[in-house]
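A.B. asks: Turn these sequences into a full structure, and let the hints steer you where they fit.
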Amino acid sequence: MYENENSILMEKSQAFALRVATMAEYLTDNRNTIFRSIYEQVLRSGTSVMANVSESQFAHSPADFISKLQIALKEASETRGWLRLLHSKNIITDKEYDSMLADCSELVAILVASINTAKRNNNL
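Just so we're aligned, residue -11 is where the sequence shown starts under this note's numbering, counting upward by one.
Hint data in this document are derived by calculation from the structure and do not stem from the laboratory. Possibly wrong hints are sitting among the right ones.
As the list claims (entries may be wrong) - With a straight-line Cα cutoff of 30 Å, these simulated DSSO-like cross-link-like pairs (lysine-lysine) come out:
hint	residue 1	residue 2
1	62	0
2	83	0
3	77	107
C.D. replies: Take a look at the structure:
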């Protein structure tokens, strides 16, 4: 179990998932519904980061732990792409985009550092 090693990552991924869920809910209720599938995609990828970080806490092995974090990293990268698209279509404001992107980029940095540390510590 790797629970204590990533409490900051867990907290930040959960906070990000909540922000993404709130944003998707707001967009679905108040913005152009033609982009509903994009709102759903950003919701899926943004909350998947938290889900995979949570799953990593009870990994069966160091390799499984790293694998879960790598999946979370890919989902965070996907989320950044969806945020860029929403911003380029003026669906989210500059302020919304900058704030969400900053949180997502922070998660990416923490995930990369965690993956590299886990690989180094386990000679992987």
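A.B. asks: Hints first: check each against the structure and report whether it holds.
C.D. replies: Comparing the hints with the structure gives:
1. 62 to 0: holds (16 Å)
2. 83 to 0: holds (20 Å)
3. 77 to 107: This hinted pair is violated, its Cα atoms lying about 39 Å apart.
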